[in-house]
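Asks: Fit chain B to the known structure of chain A by using the hints.
The primary structure of each chain is shown beneath.
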Amino acid sequence: MRREPHVTDEHGRRIRVGELVWRYLLLLAVLALTVGPFLWQLSTSLKGPTEDIYSSPPSFLPAHPTLHNYTRVADTIPVWDYALNSLKVATANVVTNCVGSALAGYALARLRFRGRRGTTLVFVLAMLVPVEGIVIAQFTTMRELGLNNTLIGVVLPGAIGAMNVLLMRNAFRNLPYEIEEAAYVDGADVWQRFLRIALPSVKGTVAVVAIFAFMGAWDDFLWPLIVLSDPSKFTLTIGLNYLHGTFANDERLVAAGTVIAVAPLIALFACLQRYFFRGIGEGAVKG
Amino acid sequence: MATPVRIRRQLSVSPWLFAAPGLLVTGAFVLYPFVSTLVNSFTDRRTLLPGHFVGLANFRELLHDDMFWTGLRNSTLYILGVVPALVVLPLLLALLVQKNIPGITFFRSAFYTPVVASIVVVGLIWVWLLDERGLVNSLLETAGIGRTGFLSDQWLLLLSAMAVTVWKGLGYYMIIYLAALANVPRELHEAAAVDGAGPVRRFLSVTVPAVRSTMVLVAALSSVAAFKVFSEVYLMAGPTGGPAGEDTTLVMLVQRTGTGLTGRVGYASALSVVVFVVTVALMLLVLRADRRDES
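Line by line, the protein sequences are chains A and B.
Note that the working numbering has the first sequence beginning at 761, numbered continuously upward.
Note that the working numbering has the second sequence beginning at 72, numbered continuously upward.
Hints may be right or wrong, so weigh each one.
[What the hints assert, rightly or not] Which bits of chain B does chain A cover? Going by a derived footprint, with three or more residues having C-beta under 8 Å, they are:
| no. | stretch |
| --- | --- |
| 1 | 158-170 |
| 2 | 180-192 |
| 3 | 234-243 |
| 4 | 292-301 |
By construction, these hints were calculated from the structure, which means they are not laboratory data.
Every residue, glycine too, gets a C-beta built ideally from N, C-alpha and C.
Isolated chain A (complex conformation) (with noise of 0.2 Å):
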């Protein structure tokens, strides 16, 4: 508990001390109950093969810390290889999204077309259709284009999201016409438009496409499970689930997988998570 004699709200009031010390309570169980899980799978990750992990009480803290259990489920399963291919796959995703929903966007917002209004609603269509329900057709639309098992089937579907389409033309229609304008008086065209002027003026908006694109290629579950069947190819959470099938009995084993498969993403929004929040404010006003 901080001793701070003058702790403000937002509203530059003072917050009572008595108040204060509950708030940081409950915050502190809300703490361990969110973030407790995970240090417990690190902690189960790190302790030796001759250590109880079933005792009663439960032993928080390896009694001699070893990063074996580790170097074991790169002796087990390919890991550093589904690692790879889901970088592969979540920076492909990055791109593509990026770069299609931001000239899609561009388009819808920007300029004048006939079948405007027709394409802004396939993107609105394409949100509301729930990929759940559309796999199966999926599955066979890429097994009609070859490339079932394969990463670029993987990477495909969600290749660029109609929802980051939409978001970006959002971004783009709340730009002020003029700096465009004098741009089109002074002869740039319309590529040009866009990379100079357009694009750098929602970069935070990318930045926030960019965030979500990675995460969501890197979480997926459900699509690569159905479209990757040769385990070489397996991303890191297809790989995880086989990881956890075959050897279920190594509890060790498991969790150091997962450390490994969700360390990087920890690490990515803790660096990122500024524009991580404030990409989802923006989402959930605009709808």
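Replies: Structure of chain B alone, referenced to chain A:
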């Protein structure tokens, strides 16, 4: 040189060039699969065999398929279990992290960690926590309550999966509520406080009405998501859906029926159509309730 012809071509073609990648991906991988799901639901198509038109046969078969009713029951129960918790708890959490006291940014981000983590990681963590010999059970035993088979009993397993869904969703909806709470006028609270309303009273008569439309939004989002639940139950119950498949959800059934080399694409499409219809109905229901209240 910018001839009039060139200008006109640029004006008419380039918008389509801008929109083309998005339209192509959306058309090929969302709208076409959507239409083909509808079409396939009237055929007996299999993964490797082209189908024939069979009319409503798939839908008639659904009515007599015990697994379908199990899936529909579990997906519906999921809404009943998860939605009230996800409408209320994140709001309380948002109130808790709303005040800018020292360190609050850390708490906000920390509470968001379960949202960021992959559902597979989350599922496996909870499988381990709720294991017969896992942390929750050893804490229960230490407390003298005794061990419970969270993952071996049909109903406890479903309840545990719901708890995990709520746990993972808390942070997400908390942020949505935070955005809504920021728009609640401070004066309303002050006026209520002057009138002698305590914190609970102010919560019920000031905060709740002010964020009501956000509560409806959260109810809509979480009920649609709950109905389509797949990963949590798949990971905690296993691919076949727990004891005697009793914990299978509708989307698990779609995945199980429609994939693999012998997948019954036609039948799985009929199941998917049910998922669509219920999802759209839920959205309309919640949004309609919202409008009626406002008028």
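Asks: Count the residues of the stretch 180-192 of chain B with a beta-carbon closer than 8 Å to any beta-carbon of chain A: does the count reach three?
Replies: Three-residue rule met by the stretch 180-192 of chain B, so holds; n is 12.
Asks: Counting residues of the stretch 292-301 of chain B that have a beta-carbon nearer than 8 Å to any beta-carbon of chain A, does the count reach 3?
Replies: holds (count 3)
Asks: Please verify the coverage claim for the stretch 234-243 of chain B: does it have three or more residues whose C-beta sits within 8 Å of some C-beta in chain A?
Replies: With 4 residues in contact (Cβ-Cβ under 8 Å with chain A), the coverage given for the stretch 234-243 of chain B holds.
Asks: Check, residue by residue, whether the stretch 158-170 of chain B contains three or more positions whose beta-carbon lies closer than 8 Å to a beta-carbon of chain A, and give the verdict.
Replies: As far as the stretch 158-170 of chain B goes, the hint holds, because 4 residues have Cβ atoms under 8 Å from chain A.
Hint violations for this structure: none, all hints satisfied.
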